[in-house]
Amino acid sequence: MKKISLLLLVLLFFQQMGKPNSIQVKNNEKDTISTIKNDKLSSKDFLPGNNHSIQDLINGKFTGVRVISNSADPGASFSIISRGYSCLYELDHPLVYVDGIPMYIEPEGFGNFLNVIDPQNVESIQFLKNGNEIVPYGYSAGNGVLLITTKRSNSKKPISIRFSNTASILSNTNTVDVLSATQYKKALSEHLPANSDYKSQLGNSNTNWQDEVLQNAFGHHQHLSLSGLLGKTSYRIAGGHNKQEGILKNSDYSRWTASLQLNRKLLDDQLALSLGYQTAKIDHEFGNQKAYEAAVIFDPTQASSSREDIYRNEYNTIYNPVKMLQMSGNGTDQRNWTLNFKADYNLPFVKGMKASFLIGKNKSDDNWNRYAISNHYSSGNQWTSANGESYEMNTTIIKAGIDYHTRINDVLSGLNVGIGYIKEKDKLRTGKASYESMGSASDVIQNPNTNSHQNYSYNVDRKIKSLYGLVSLELWERLTLGGNYRLDAGEKWDQNVKSASFDVNYQVLKKDKGSVLNTLDLRIGYAILGKTGDEMIRKQVGREYTTNFGIDLSFLNNRLSASIEGYILKHKNVFFEENYHSILGNQPIIMNSAQIENKGFELSLQATPIANDKINWNLQCNIACNKNKLLQLDENGARNTYYNQQGRFFKVGEELYSFYLYPQVYGSNGKPLENSGELRMYKSAAPKVMFGFSSQFRYKQWDAAFTLRGNIGNYTYDAVAAQRGHYGNAPFNMHKSVLETDFTRQHASSDYYLNNASFVRMENISIGYSIPKLFGKDIKTRIYATARNLFTITGYDGLNPDTVYGIDAQTLSQARSVALGFQFDF
Numbered sequence: 074m075k076k077i078s079l080l081l082l083v084l085l086f087f088q089q090m091g092k093p094n095s096i097q098v099k100n101n102e103k104d105t106i107s108t109i110k111n112d113k114l115s116s117k118d119f120l121p122g123n124n125h126s127i128q129d130l131i132n133g134k135f136t137g138v139r140v141i142s143n144s145a146d147p148g149a150s151f152s153i154i155s156r157g158y159s160c161l162y163e164l165d166h167p168l169v170y171v172d173g174i175p176m177y178i179e180p181e182g183f184g185n186f187l188n189v190i191d192p193q194n195v196e197s198i199q200f201l202k203n204g205n206e207i208v209p210y211g212y213s214a215g216n217g218v219l220l221i222t223t224k225r226s227n228s229k230k231p232i233s234i235r236f237s238n239t240a241s242i243l244s245n246t247n248t249v250d251v252l253s254a255t256q257y258k259k260a261l262s263e264h265l266p267a268n269s270d271y272k273s274q275l276g277n278s279n280t281n282w283q284d285e286v287l288q289n290a291f292g293h294h295q296h297l298s299l300s301g302l303l304g305k306t307s308y309r310i311a312g313g314h315n316k317q318e319g320i321l322k323n324s325d326y327s328r329w330t331a332s333l334q335l336n337r338k339l340l341d342d343q344l345a346l347s348l349g350y351q352t353a354k355i356d357h358e359f360g361n362q363k364a365y366e367a368a369v370i371f372d373p374t375q376a377s378s379s380r381e382d383i384y385r386n387e388y389n390t391i392y393n394p395v396k397m398l399q400m401s402g403n404g405t406d407q408r409n410w411t412l413n414f415k416a417d418y419n420l421p422f423v424k425g426m427k428a429s430f431l432i433g434k435n436k437s438d439d440n441w442n443r444y445a446i447s448n449h450y451s452s453g454n455q456w457t458s459a460n461g462e463s464y465e466m467n468t469t470i471i472k473a474g475i476d477y478h479t480r481i482n483d484v485l486s487g488l489n490v491g492i493g494y495i496k497e498k499d500k501l502r503t504g505k506a507s508y509e510s511m512g513s514a515s516d517v518i519q520n521p522n523t524n525s526h527q528n529y530s531y532n533v534d535r536k537i538k539s540l541y542g543l544v545s546l547e548l549w550e551r552l553t554l555g556g557n558y559r560l561d562a563g564e565k566w567d568q569n570v571k572s573a574s575f576d577v578n579y580q581v582l583k584k585d586k587g588s589v590l591n592t593l594d595l596r597i598g599y600a601i602l603g604k605t606g607d608e609m610i611r612k613q614v615g616r617e618y619t620t621n622f623g624i625d626l627s628f629l630n631n632r633l634s635a636s637i638e639g640y641i642l643k644h645k646n647v648f649f650e651e652n653y654h655s656i657l658g659n660q661p662i663i664m665n666s667a668q669i670e671n672k673g674f675e676l677s678l679q680a681t682p683i684a685n686d687k688i689n690w691n692l693q694c695n696i697a698c699n700k701n702k703l704l705q706l707d708e709n710g711a712r713n714t715y716y717n718q719q720g721r722f723f724k725v726g727e728e729l730y731s732f733y734l735y736p737q738v739y740g741s742n743g744k745p746l747e748n749s750g751e752l753r754m755y756k757s758a759a760p761k762v763m764f765g766f767s768s769q770f771r772y773k774q775w776d777a778a779f780t781l782r783g784n785i786g787n788y789t790y791d792a793v794a795a796q797r798g799h800y801g802n803a804p805f806n807m808h809k810s811v812l813e814t815d816f817t818r819q820h821a822s823s824d825y826y827l828n829n830a831s832f833v834r835m836e837n838i839s840i841g842y843s844i845p846k847l848f849g850k851d852i853k854t855r856i857y858a859t860a861r862n863l864f865t866i867t868g869y870d871g872l873n874p875d876t877v878y879g880i881d882a883q884t885l886s887q888a889r890s891v892a893l894g895f896q897f898d899f
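In terms of our numbering, the sequence shown opens at residue 74 and continues consecutively.
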């Protein structure tokens with residue numbers, strides 16, 4: 074109530090101040106996203122639908138950017154990779170700003186940290202990649218910067234209302250190929266001893282256990298916004314609720330969001346003020362992923378109504394997957410709020426000079442609790458394990474700057490200079506607790522953190538002060554020379570982190586309408602970006618050297634435009650963790666002597682084949698090629714191989730996340746043999762080519778849109794088949810590949826399980842119909858249907874062809890979503 078009262082007082086304060094304003098915002102809630110501005114990609118006609126996250130909006134839109142969902146859960150975390158791998162032991166995520174306030178990646182187990190933003194509240198998204206673009210954002214911007222701007226209002230009416238409602242259903246698209254009941258019985262009869270206890274406990278059913286733990290999942294999403302001009306203040310108030318079941322039974326996602334945006338211009342429109350507030354409450358039950366893993370291997374001859382445990386002998390207990398779901402929990406509750414205030418003032422005493430001030434705060438308070446109850450194999454007593462984790466992030470930022478822009482003469486046609494100061498304070502509080510006990514479970518489940526025998530906490534207080542500067546010279550209205558500089562100083566750092574860039578842009582051609590070629594621009598840039606890892610390694614500074622060069626063209630009265638980009642990224646002083654052998658045992662130490670290189674080519678195209686009063690058709694296409702290489706591990710070149718914590722093998726001169734496997738040997742009958750050759754580096758998880766293709770089409774009151782995306786040349790290792798595709802896996806059920814291989818033992822290091830995972834996916838598709846006046850009233854109505862992940866074309870036989878590191882390790886396949894909805898504007 075205190076926060077609501079404060080906001081109402083601020084609203085009244087704005088209402089009493091100054092003269093009427095004329096706020097100019099690009100879009101009055103016309104679309105879910107009004108612009109997506111990078112690679113000259115725009116999505117003015119992005120249609121509303123069943124979008125759970127920001128990543129749903131950008132997938133396939135940005136050239137050279139991979140957006141990968143880490144599971145099929147509706148609130149699952151995502152991984153974002155820009156222009157290839159740049160790390161050896163953990164993923165380097167992009168830096169994220171929402172209305173100028175930084176938001177930091179949370180641990181994967183808490184779900185998608187960007188879910189606190191309702192996509193319906195987003196006005197624009199921009200992804201920065203080139204050196205001159207990311208240098209102003211400093212030490213954490215090495216993997217790109219994602220800028221998100223939320224909606225404002227430019228309505229001249231006292232109030233405009235928009236309400237949308239969407240109903241959706243999720244369905245599973247793929248399951249692991251395992252033996253049927255008949256095949257399973259045959260395998261056990263041939264590969265287990267005749268007197269085995271397992272054979273005597275076989276049932277007579279033919280149960281697909283994966284179907285038993287999966288479901289068609291229903292959901293709905295409501296969003297209401299009020300915007301307009303209240304007195305002399307432009308405002309927008311919005312609230313939303315998203316409820317979605319997951320395809321794994323007992324999984325569920327619920328999100329409540331609210332936002333307020335106030336905008337005001339004073340002093341003859343020379344002073345612009347804005348105040349924004351957003352809050353979100355998310356309750357997320359992931360379900361028990363281990364239940365799906367158990368469903369893959371559980372005895373298909375048992376009926377789904379079997380008791381919790383199938384007792385094999387005193388050493389092995391196989392759990393009923395359905396009962397595992399019923400006797401476990403795995404959920405998070407997230408609370409997040411953001412408050413920001415911004416002022417821009419055109420100084421009256423110096424024409425062209427503007428002062429800016431921003432102060433903002435973001436606070437996350439998240440908890441993750443898991444528990445599992447089972448019956449002990451020998452005594453039948455209840456055995457309970459419980460785990461709890463907490464994550465609290467508190468970020469405060471203050472930013473002040475001055476920009477000056479002027480024209481000197483026809484030669485120096487433009488001069489832009491800017492300087493600024495940033496102060497950021499972060500407080501991170503994390504905690505972990507676990508408990509295991511024989512006996513009653515209720516107390517453990519209700520209080521997992523207070524009844525624990527293992528506790529862990531990690532606290533970080535970080536204060537960073539930054540200075541930045543920029544200068545840009547425009548000569549003859551054709552040639553532009555620009556430079557950026559930033560200095561970051563941490564309170565506990567041993568050295569400052571410096572970043573700088575220089576770029577040149579030259580307009581070769583600019584012609585009026587009627588010409589085939591309208592514009593031709595050339596550009597080249599070079600940047601050195603200081604990079605650091607987590608708080609434990611701030612004493613060491615990495616470097617990223619970026620060279621980019623591009624050509625921008627437009628044709629046919631700007632109906633067709635193209636952007637061609639090339640880049641070379643050299644990552645020096647790359648961090649990796651090494652085990653140091655001492656008298657005290659293996660001690661992990663951080664090294665920063667590795668070097669990685671990424672080279673690539675990017676092409677983005679935009680076209681408007683038809684544009685008239687009745688028909689409008691826009692097309693966007695992006696293609697990216699990337700090749701990376703590990704250049705060195707140590708400075709003297711004495712070492713050329715490295716195993717990271719996840720067991721991945723790296724070798725100097727090879728692509729990152731290549732696979733270290735034996736070449737499979739085949740017999741004269743074409744069947745793989747149970748022997749192995751010499752280990753080798755073979756193929757890579759990184760795609761050779763990535764592409765996206767989008768279309769937005771309008772005919773009178775009808776509209777249709779779709780986005781396709783895909784990878785070419787990426788390889789994926791089917792870890793499920795490798796682990797379960799052999800008769801030695803008995804009495805657990807086996808992957809069906811065993812019928813082709815006849816393997817009697819595991820061959821996890823064989824390249825038999827490595828497959829080309831190139832794919833094309835229908836990311837989303839929609840169709841809608843708009844009614845300008847419903848029942849003759851001034852009510853604009855749109856009815857729509859959408860589908861996400863409608864189909865995937867691939868030669869890969871596993872669950873997921875698109876994975877972060879090329880390991881398909883029994884996560885659920887990506888769900889298909891179909892939704893129907895309507896939207897009212899009045």
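To be clear, the hints were calculated from the coordinates, so they are not data collected in a lab. For every residue, glycine included, the Cβ atom is placed at its ideal position computed from N, Cα and C. Don't take every hint at face value.
[Said to hold, decoys possible] Across the chosen pairs, the derived CB separations fall in these ranges:
1. P682 - L746: 50 to 58 Å
2. T255 - R753: 50 to 58 Å
3. G720 - I662: 15 to 23 Å
4. P736 - Y772: 48 to 56 Å
5. A858 - Q819: 21 to 29 Å
6. V589 - S822: 51 to 59 Å
Comparing the hints with the structure gives:
Remark: the range hint 50 to 58 Å for P682 to L746 is upheld by a beta-carbon distance near 56 Å. Take T255 and R753: their Cβ atoms lie about 39 Å apart, and the range 50 to 58 Å is violated. For the pair G720 and I662, the beta carbons lie near 19 Å from each other, so the given range of 15 to 23 Å is met. Between P736 and Y772 the beta carbons are some 55 Å apart, a value that agrees with the proposed interval 48 to 56 Å.
At about 46 Å, the CB distance of A858 to Q819 disagrees with the hint of 21 to 29 Å. Taking 51 to 59 Å as the suggested C-beta distance range, the pair V589 and S822 conforms, at roughly 57 Å.
Of the numbered hints stated above, those contradicted by the structure are hints 2 and 5, listed in ascending order.
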